[in-house]
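Chains as they are written, first to last, in numbering that gives the first Met the number 0: chain A, 0 to 90; chain B, 0 to 238; chain C, 0 to 84; chain D, 0 to 116.
To be clear, the hints were calculated from the coordinates, so they are not data collected in a lab.
C-beta: ideal position from N, C-alpha, C; glycine also.
Possibly wrong hints are sitting among the right ones.
[As the list claims (entries may be wrong)] Covered, in the sense of this in silico footprint (three residues per stretch, anywhere, with C-beta under 8 angstroms from a C-beta of chain C), are these stretches of chain B:
| id | segment |
| --- | --- |
| 1 | 125-134 |
| 2 | 140-149 |
[Said to hold, decoys possible] No farther apart than 25 angstroms at their CA atoms in a straight line, the calculated lysine to any residue pairs in the SDA-like style are these:
| id | chain 1 | residue 1 | chain 2 | residue 2 |
| --- | --- | --- | --- | --- |
| 3 | D | K41 | C | V23 |
| 4 | D | K41 | C | F53 |
| 5 | C | K24 | A | M0 |
| 6 | C | K24 | D | P94 |
| 7 | D | K90 | C | E81 |
| 8 | D | K41 | C | L4 |
| 9 | C | K24 | A | A49 |
| 10 | C | K24 | A | F68 |
| 11 | D | K102 | D | L57 |
| 12 | B | K156 | D | K108 |
| 13 | B | K233 | B | Y125 |
[What the hints assert, rightly or not] Label pairs and their computed distance ranges (CB to CB):
| id | chain 1 | residue 1 | chain 2 | residue 2 | range |
| --- | --- | --- | --- | --- | --- |
| 14 | B | S105 | A | V18 | 49 to 55 angstroms |
| 15 | B | D68 | A | T75 | 41 to 47 angstroms |
| 16 | B | L185 | A | V18 | 52 to 58 angstroms |
| 17 | A | N74 | B | N188 | 46 to 52 angstroms |
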Amino acid sequence: MIFIILLIIMAVLLLAAAVYSIVHRDLLFAVMGTGIVSVVLSLFFYLLQAPDVALTEAAIGIALTTIIFIITIRNTTRDEDEIIDKENEKL
Amino acid sequence: MKNVFIIILLVVIGYFLANTFADIPFGENRIGDIESSETVAGYYLSNTVEKSKVANVITAIVVNYRGLDTLGEVTVLFLASTGLASILYRRKEEEEDVERLNLPSSRIMRTGVRVLFPSIVLLGIYVFIHGHLTPGGGFQGGTIVATGFLLMLISYKGFNTNHNRMVWIESLAGLSFVGIGIWGLLSGNTFLENSTNVGVLNSLISGGLIPIIYIVVGFKVAVELTGILDILLKIKPKK
Amino acid sequence: MTIILTIVFTLMAIGLILSMFRFVKGPRSGDRAMALDTFSIIITAAMVLLAHVFERYIYVDVALIYAVLGFVGVIVIARYIEGAL
Amino acid sequence: MMEILEYIGMALILIGGIFLFLGALGLVRMPDLYTRLQAGTKASTLGAMSTVLGVGLLHPDWILKILIIVIFIGVANPLSSHALARASYRKGVIPFSKNNIDKYKKAVKKQIKNLTS
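Isolated chain A (complex conformation) (with noise of 0.2 angstroms):
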């Protein structure tokens, strides 16, 4: 029972998590978007007794897709200074 509601409570996770980094207009953001689902699915995987497609998803989604989206990112734009000066006039 617990194992069945462990399983919902993860996809809607990974639900959550695709549509944010789907939705959201800051790359950056999008990209940890992505880390997080990559995340979940490996544990689902590893629920599912998969191992070695929990290791794939595990070095290949977490670590180098996170860290070639981020470089690429750097070399290209993102604006993220003015989101930065909101919020400290806000405080």
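Given the coordinates of chain A, work out where chains B, C and D should sit on it, guided by the hints.
Frame of chain A; chains B, C and D shown alone:
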């Protein structure tokens, strides 16, 4: 005129695709019973452990039965790395001193990375040496090693990778993969045939050629990914 | 024994939901990176615990690699935020 | 002997679960980034180490890999948290206004002066 041509082309392609898909039976169990040894999955599950002495059946499928596919995957990775290098490597000649990092990292991070780097590389090597016993294998181990090198690259300014040595390692690894395959042909079997059955099940030396192929793949993937990350980090961002 | 495992898994699931909340809401990139870090560390602990539930020694390997690789992405994000990459 | 080890291991797992939950709760409840970093790192590091050690006590023949995991968590998690805090401060995120203590400001100013000169 152009649009009419496109429509005619799409209709022809669609007709042949529909014909092809109509032949595929939907809703039937085409894999068959896994337990019976007449289907492919059943053959793999029942014969792998006895014949080639490999504890991890997935490894045997990836490297032994579908070894030619693995060769193709490694080739794709090699082509991607080569293409990236040939596009981006020219930037270095235009600007004299390419600085990888704008700010130095803190002393805490440098010390931590110096502790973690050898252990991460060792863990990656462990993963691809034990590919036939535990989950993981060449690709995963190579990725972990490349991640360790990336940590070094982003925290130390003076850390550089030797491109000549990397090219040599990559070429040797690719050559020995193909060489193992051709050796199978020369000894009277098929390409990449696992012809030597040495060792006992569940020990480090078992499975014949499978651990050797995984070690070769691990070195190749690690070197290629490190090269890709190094080249990407050396581009100057636009201000 | 089983009741303790149930309690711990429930606590972990609530923790995952809470850090997901912080990830969605968090105003700055630092908050979101922190949520990602907490996510990956909770899942590392959950994987080791699940290896105990499944009684398989091999499954610990996956958690080991997780513990190593989960933080590399966060460090790269931090170096990018700093503008030092 | 084995039963005592099992009881200790189960207690460690329970403590670890509670601390993981508290870390995530602190991530939601704390007012600004630095306090959130503190809650999310200290509590969840202790929780994860304790859970993993508890599993190691339940299965004494797994203890080698378990110890390696514990050491990795203990080194890696504070490292990433430190990098995050430093990056956010350099980027100009202001600490929570109720505590007026900010000792890091002087050090950063001195370092920036050294870098530019």
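The hints, checked one at a time:
Counting residues of the segment 125-134 of chain B whose CB falls under 8 angstroms from any CB of chain C gives 3; the rule of at least 3 is met. Only residues whose C-beta sits within less than 8 angstroms of a C-beta in chain C count toward coverage, and the segment 140-149 of chain B has 3 of them, enough to reach three; the restraint holds. At roughly 22 angstroms between alpha-carbon atoms, K41/D and V23/C fall within 25 angstroms of each other, so this suggested pair holds. Taking the CA atoms of K41/D and F53/C, the gap is about 29 angstroms. The hint is violated against a cut of 25 angstroms.
Restraint check: the Cα-Cα separation between K24/C and M0/A comes to about 31 angstroms, which exceeds 25 angstroms; the hinted pair is violated. Taking the CA atoms of K24/C and P94/D, the gap is about 18 angstroms. The hint holds against a cut of 25 angstroms. For the hint pairing K90/D with E81/C, the CA-to-CA distance comes to about 6 angstroms; that is within 25 angstroms, so the pair holds. A C-alpha spacing of about 23 angstroms is found between K41/D and L4/C, which places the hinted pair at or below 25 angstroms, so the restraint holds.
Between the alpha carbons of K24/C and A49/A the distance comes to roughly 33 angstroms, so the proposed pair goes past 25 angstroms and is violated. Between K24/C and F68/A, the direct Cα distance comes to roughly 22 angstroms. Compliance with the 25 angstroms bound is thereby established for this hinted pair. Note on K102/D and L57/D: the hinted pairing is violated, with a Cα-Cα distance of about 45 angstroms set against a maximum of 25 angstroms. A C-alpha spacing of about 22 angstroms is found between K156/B and K108/D, which places the hinted pair at or below 25 angstroms, so the restraint holds.
Between K233/B and Y125/B the CA atoms are separated by roughly 30 angstroms; this puts the pair beyond 25 angstroms, and the hint is violated. A beta carbon spacing of about 36 angstroms between S105/B and V18/A contradicts the range 49 to 55 angstroms that was offered as a hint. Checked against the hint of 41 to 47 angstroms, the C-beta distance between D68/B and T75/A comes to roughly 34 angstroms, which is inconsistent with it. Taking 52 to 58 angstroms as the suggested C-beta distance range, the pair L185/B and V18/A conforms, at roughly 55 angstroms.
A hinted range of 46 to 52 angstroms holds for the C-beta pair N74/A and N188/B, which are about 48 angstroms apart.
The structure fails hints 4, 5, 9, 11, 13, 14, 15 (numbered hints given earlier, in ascending order).
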